[in-house]
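Quick note, the sequences are listed as chains X and B, same order. 280 is the number that our numbering gives to position 192 of the first sequence; each next residue is one higher, with no gaps. 312 is the number that our numbering gives to position 210 of the second sequence; each next residue is one higher, with no gaps.
These are calculated hints, taken from the structure and not from any lab test. C-beta: ideal position from N, C-alpha, C; glycine also.
Beyond 12 Å from chain X on every Cβ pair, some chain B residues (computed):
#1 P109
#2 K116
#3 R236
#4 P251
#5 N257
#6 W400
#7 Y445
Simulated pairs of lysine to any residue, SDA-like, Cα-Cα distance not exceeding 25 Å:
#8 K125(B) - L422(X)
#9 K316(B) - V429(X)
#10 K460(X) - E125(X)
#11 K125(B) - Q341(X)
#12 K195(X) - F267(X)
#13 K365(B) - D242(B)
#14 K125(B) - L343(X)
#15 K321(B) - R427(X)
#16 K321(B) - D411(X)
#17 K289(X) - K321(B)
#18 K125(B) - I379(X)
#19 K158(B) - E424(X)
#20 K321(B) - Q183(B)
#21 K125(B) - E346(X)
#22 K289(X) - K125(B)
#23 K289(X) - R319(B)
#24 K289(X) - W336(B)
#25 K158(B) - L422(X)
#26 K321(B) - E430(X)
#27 K321(B) - T432(X)
#28 K325(X) - Y315(X)
#29 K125(B) - Q183(B)
#30 K125(B) - F382(X)
#31 K321(B) - V417(X)
#32 K125(B) - Y347(X)
#33 K116(B) - S342(X)
#34 K398(B) - S342(X)
#35 K248(X) - C199(X)
#36 K289(X) - N172(B)
#37 K398(B) - H339(B)
#38 K321(B) - A407(X)
#39 K321(B) - R431(X)
#40 K321(B) - V429(X)
Here's the letter readout for the chains.
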Amino acid sequence: MENFNVDTLVIGGGIAGMQAALDLADQGFQTALVDHEPTIGGKMITLSKVFPTLDCCSCITTPKMSSVAHHPNIQLLTYCDLQSIQESDSGFRVAIVQKPRYVDAHKCTGCRKCEYECPILIPNPYDRGLGAYHAIRVPFSTAVPQTAVLDMDNCILCGKCEKVCPTQAVTFTQKPETFEVQTRTIVLASGFELTPLEAKKEYGGGLLHNVIDPLMMERFLAPTGPYGRVLRPGDGKEPTSIAYVQCAGSRDQSLGVEYCSRVCCMYAIKQAMLISGALPMAEITIYYMDIRTFGKGYEQFYQNAQAMGVEFIRGKVAAIHEDDQQNPVVKVELTEDGRVVERTHDLVVLSLGMVPSPGSAGILELPLGDDKFISVPAPNARPCHTTRPGIFVTGTAMGPMDIVDSIISASSAAAATSAYIRAHQNGQASPKPQEEAVYA
Amino acid sequence: MTQRVDPNILTELKAFGAMGIEKCTNCGNCTAICPMASEDEHFPRYMIRLAQIGMKDELLGSKELWLCYNCGDCSETCPQQAEPANFMAAARCYAVTHFAPLKIGYLFCRTPLLGGFITVLMVLFFGIFFYGERQTVATDSLKLFHFIPRDLVHNAGLAAMILIGLVSLMTIFTMLVRIARVNNLSFRNFFNGTRMNWVQAFWEAVVVQSLAQKRYREKCEPSQNSVKWYFSKWFVHAATMWGFLGLLLATALNFLLDILGVKATGTFVPLWYPTRLIGTLSGLLFMYGVMVLLVKRWRSADKAHSFSRPSDWIFLILLWLSGMTGFIIEIALYLPGAPLWGYWMFIFHMAVSLVLLLLLPFTKFAHAIYRIVALYVHALKPVAKPVTAPASAD
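Please work from the sequences and hints to get the whole structure.
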C-alpha cells in the first residue's frame, strides 16, 4: 500500500473509535481508522442489547460500521498492526503493517464461496469460542469490510478455496506489507478486555463446565449468536436456574483490580431481563456487594428487574465448585440474613470487569495510571488529552465505561482533536494551553 | 432490650492491631470462605459488623471469636484487603484484656516496650529472688535442688499454680457470664427442665477439639499453599501443645513421686527413667513446635502471621526460653564434673518458667483457657425438648 497523509489516525475500530472517526470525517478532516481485527465493530457488535433502552446492538453498530466504510473522508485499515510511531514536524509518522489476509482485498467480493468449501472448522472468537467458523471466512455476516481472511495457522493448504473463488482472490503467497501514514493527530481507542475467567482460583480458575463469562451470555442472547437460545455449555442443557456473581473481576484487591468496572451491574441486570424473556421459567439470582446503577434511567431499570422477579442477594460469592452433575455450587453469606449457604445453580455467569486492552500504549509511549489504563492528567478540564500533545484517548482505553459514555467520550475526543488540528493549521503557533492547575 | 453502644471500639481495636478494618464493606466474602463458619456461627463478617456498630458486649461475648483458628483464608481472598483474620486476632487480644482482672493484658497486647520491659523485670525479680536463696554449690555432681532448696522450688511452683488457677477461674467466670448473656444460656436451664449435653459437651471441648484438635486438623489448613504435614498449622500447634502438656505431666509426676517418697526431686536418674523420658521427648516435640512458630512469625510466612502483637512474641519467646534452658540443664546434668553454668541456667529456667505461668491469663497463652470455654459453649446443645416446666409463682 502507498504511504499517505491524513489529519487524524484513529486507533481501534470499536464503538468509540468509529464514533470519533465519523465525527472528525464529518467535519471534513481526512481520517484513517486502523484496527488489528479483520473487521471493525469491536466488542459492541458481539453484544445482544444495550442498556437501559434494550435497543438492538447490531441495529446501532452496523450502520455506523457501514458509514465508516463508505465515508469519503475515512480510510479504513483493517487487519493492521502498528509498528512504530515517530514524531515529525507536522505531527506523527506512523508505520503500519498490513497483516496478510491471503485474499486480495480488491478482488474479493465477499461472496463467501471459499468459506462454504473450506473443510476446516475452528472456534469462532466472535462467538467467544461457543460456535465455529472456517479457516477462510468473512468473520461474520455483518463484518465490515466484507472481505474474506484466511487463518494460515489452521489452513491445511488443500486449495479448495482457491479453486472455487470466482475472482481468483485467494493468494497463498501474500506477505506482510509495511507502509507509513503521516498524521497530525492520533486518537487512541484501543478498548478493553475482560478480566480473565481463569483469574480467580476460588471461582474454579476457568475449569468449571458451566461457569461462563458475560460476553458468552451475550452470544447466547444475541439473535446472531451460535445457538439462538440460552444453553449451558457443559452439556447443552437448558438452564432453569442462573446466577450472576457480581464483582467477579473488579473491586477485588486479591486480583489486583481495585476499581469498579462500572458496567457489570447494568449488564447483569440487562442479561437477567433478556433471560427472563428467553427462558420464562428460569430463576435468576444476582449476588452482589453493591448495585451501582448510576446513569440516566439506570435505577429505574434495576427496579424493573426486581419487579420482574429477578432475585437480588447481597453477598459476595466466595467460592464456586461443581457437583457431580456439573452444576456450579456457589458459597455465599446472605449478609442480610447472616447465614452462610451453598446454593446450586445450572449456570453461573461471572460478572467480569474491564482491564485495559494490551493495545498501543507501549508504542505510543503513553504513561499509564494506577489502574493500568491510559493516564489522563486533567480529567475534569481536558477529559481526552493524554500527556503527549496531539494524542487523544477515548472510550475504555482511558478507563471502564459503558457504551453511552464511550460515545460521549468519542465525540469529546473528536472535538478536542478538531480544535487541536485547527489551532496548528498553516504553521500557526499553538494557542496557550489552559492552566491545568485551575481545572484539574 | 436496650443495647449499649461503644463508638470507640473500632479505634480501640485498631490499637490492638486490627489495621485496615475500616476498609470492610461487609460483603461477606470472609464468612463464605471460612471453613469454620456455619449457619449458626457465622464469622468473621458478623464480628467486624459488631465492632463497626459499637456492640462491644456482643463482640466480647461471642464464642465465635474463639472458634477461629486463624488459617488466613479470609485475609487471602478479601476483596478490600481489610485483613479479617488479623481483625479476629486483634479482637481476641482485646477480649483477653477485658476478661482478665485489672486489664493487665493491655500491657502485653498494646505496649510492646512496656510489656517486654515488665516481662524482663519479672524474670529478673525471680532470678534475684532465687539467687538470694542459693545454697552451697556442689562440685562433684550437679545438685540443683540443694543449690535452691527443694521445698522452695516446690512451694514457689505451687503458689504460682494456685494464683493463676484463681485468676483463670475469675476470667473463665467473666467470660462465661458474657457468653451466656449473648448466647441466651442461663442457669435457669438447669432447673426448667431443659436437658443439655453438659458432660458430652465437656468431652467434645476438652478432648476432641482441644487435645485432639479435630476441627483444627480437618478444616483449617490454608487452602492457598500446600505444605508438608510436619509444617502444617495444626501439627506445629499440636507439637507445641502436646510437648507442653508432656512437660507439665513429667513435672507433676516428679512432684508426685516426691510426695509418695519414691524418688526425691533432684535425685540423679538415667535418661530412660520414665519421668525423665517423658520430659525429654515432650521437650523435643515442644521445642520443634515453638521454633517453627517463631520462624513463621519472624518471616511473616503467610497472611495468618503477617501481623504479630507484642503478646504473641512475649508468649513464644518465654516458651522458647523455658524449653531451651530446660535442655541446657539436662545436658549439664549428664556432663561430668558439674559445670557451674548448669546452676545459673537452673535459676534462669525457674525464673522464666514462673513468669510464663504467671502471665498465662494476660498473654497469648490465655487462649488455652478461652478457647476451651468457647468450644464448650459451642458444643452445648439441648438434648431433648424441654419438658413443660411447672407454672412458676410469678
